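Kindly produce the complete structure, drawing on both the sequences and the hints.
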Amino acid sequence: MGNEHLLGIENALFTAAMLLYFASMIGYIAYIAFKKEILAKIFYIVMLVCFVLHTAALVCRGIGAGRLPMTDRYEFAACFAWGLCLVSLVFIKKYRLDVLGAFSAPVIFLVIGYAAMQSKDVHELMPSLQSNWLGFHVSTAILSYGAFGVSFAVALVFLLRDRIAKGSFLDRHIPSQDKLDMIGYRSVSVGLLFLTFCIISGAIWAERAWGSYWSWDPKETWSLITWLIYAIYLHQRIRKGRKGKSAAVFALIGFVCVLFTYIGVNTLIPGIHSYA
Amino acid sequence: MKKKNKAIRFLGSMQFAMILLAVLIAACILGSVIEQGQTFALYSEVYGERAAAAIVALHLDDVFHSPWFILITAFLCANLLMCNLTRLPAPVRRWKSSADRHEETVRNPDAVAVIDEDPQKLFADLRFGGIKKGITEDGSEYLFGSRGRAGIWGAWVCHLGVLILIVGFALGQGQSEEYTVYGVKGQTKQVGDTDYLLTIDDFRIDLREDDTVEQYTADLTVRNAATGESSSGSASVNNPVSIFGMKFYQNSTGWAASVIVEKNGEELQREILCAGEFISVADKPDLVIYLNAFYPDYAMVEGEPVTLSSKLNNPAYLYRVYYQGNMIGMNALTGDDVITIDEYTVRFEDPQSYTLIQIKKDRFAGLALAGGIITLLGIVLALFVQPAAVAAIRQQDGNWKVYASGKKGGLLFVEDFEKAVSAYRVRGSAEEQEKENSEHGE
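Chains as they are written, first to last, in the numbering used here: chain A, 1 to 276; chain B, 277 to 718.
It is worth saying that the hints were derived from the structure and are not from the lab. A quick note: this is a predicted structure, and the numbers were derived from the prediction, not measured. Treat the hints with care, since some could be wrong.
Quick list of in silico lysine-lysine cross-link-like pairs, DSBU-like style, CA-CA up to 30 Å [unchecked claim]: (1) A:LYS41 to B:LYS695; (2) A:LYS179 to B:LYS523; (3) B:LYS523 to A:LYS219; (4) A:LYS245 to B:LYS695.
Set out below in structure tokens:
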């Protein structure tokens, strides 16, 4: 099978996945609007199908390009959406938090929409990207961004939880604020672990490629800012009386930082990571 | 004395840490938004003269090396050190007592249940191993299990890791040696002010079919001029080579050419000049020839000089000539063109790629790496190893009252416990247990 053919299949799978992400976003919103529990079950399965198609698209691109599909803006955005979807599916299932889909599906759709707007041309890797560290560094970034995306969605649910009428459909289907706080904490924990892996592996790789493991490049600096914000989040949670709302606000700020580190730094502040 | 103690306590406090982290975040934002290391003129153009003056005065043009940034980092180190010193007894105490702290678990549980079976099976379902058996002070039989004891050390280890990381980085910044050497194949240059001489034995650029670069490789020989000892190796991008305790990196590349200066038809001077370099004419130092840029496949597109490919199809040398500091000429030389200035003729030939080799010696990089790994370990312990304990006391009616405590796991641990215990609960006593749980919750 030729590479062009595989990239054609990738394109079709990616488009199908994107359309289904859109459908799952609408489906989850309908679940809340029409208060039909069955919709959450159906669109969880739709999201699962999206994930499978998306994974197949990435595999096709990887084989077609002859390398890991994680290097240019299109590929990283596609992987970011994939990571968000993976972590969302795990958290919805593990914590039986159907409502999370209504908040994470729009974020996934936005990110995959951003990916669709990027050039899909396959480029050969520049010498500095030809490293075994590439896969580890980028995949940990994807998983951390995905987990932080989920913590963002959970924080939104947490902050809206107060406004839900007692005894209503949502009141019965959304866990207590204490439980949401714990779920948010778990997702931040996963995100912070992978972000730390990402920063350390990036530093080791930078030392080999550029001769300096830390150069205060804007991408590095904003990764550090993100790390520090989530460090504050964790400290806020153990300070008496600061648990909950304050931590949720930091989870929101943290994800805004993640998005800025990913999109803002690439587009607004030039640096040695500008290809990412 | 009291004031001194208060100050020391504040230095290691979480409140101070939060302030420092907030200031550090603000500094990082400033350092990434304001372009670093630029001239006053550029800041004036972008931000206006007054703001530019403030940027320079406050060292915002070099945030990460500024005295105030170093001071914040020093305070953060002090905070981490004090925090770890003052909080060391707590995890030590908890670690020592965690082997059997059934009394504490009974006193302060997160969930309670009464079961009519041997609790060992329930403990196993909840992944508690190493069950201890004993008799309480009032003579009742008890069982105790704990897990995730290592999690007690998480925050402490994480803080220690960050401290080591910062110290390693700071020492590396202060003590590391860094040099750059650039040249073409066959050239030998001194490495900074050291005794080492670096010879570029070869420099290759491997191109793919589509003319994109696959790899840059430099074959190097390093000789110690003092001892005569020499060693060789190849450096390519992502694969530095270590020679005599220094690391040699293939950093970047560019174009160089031979510049020949003739006076009245006689060769006066011949040197290799990299793009961006200049030479002074040997017998007329006020006359300077500057090789501004080199275009291997030169063309003018919309009035701008560009190169159409990296192949030497139409080489062009963009030059400037200065006399006594004033520019007296500027143009692009192609083909057999020469520059003629009075009795001097200047021409460029033999264009070739030069390589820029970065040489680094950082004895503390390993310390920073160790700090990073310890931080990672601390995060795993703090966030994923949840210390939890269960204690079961045999009641007079033969049932067992089970107490569970999992502070960090919180509600989710309680949920797991409730789920596991539901299979063992004493029938008919659910209401009583619910009441008990709510009493403990209060």
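Here is what the structure says about each hint:
{"no.": "1", "hint": "A:LYS41 to B:LYS695", "verdict": "holds, 23 Å"}
{"no.": "2", "hint": "A:LYS179 to B:LYS523", "verdict": "violated, 51 Å"}
{"no.": "3", "hint": "B:LYS523 to A:LYS219", "verdict": "holds, 25 Å"}
{"no.": "4", "hint": "A:LYS245 to B:LYS695", "verdict": "holds, 28 Å"}
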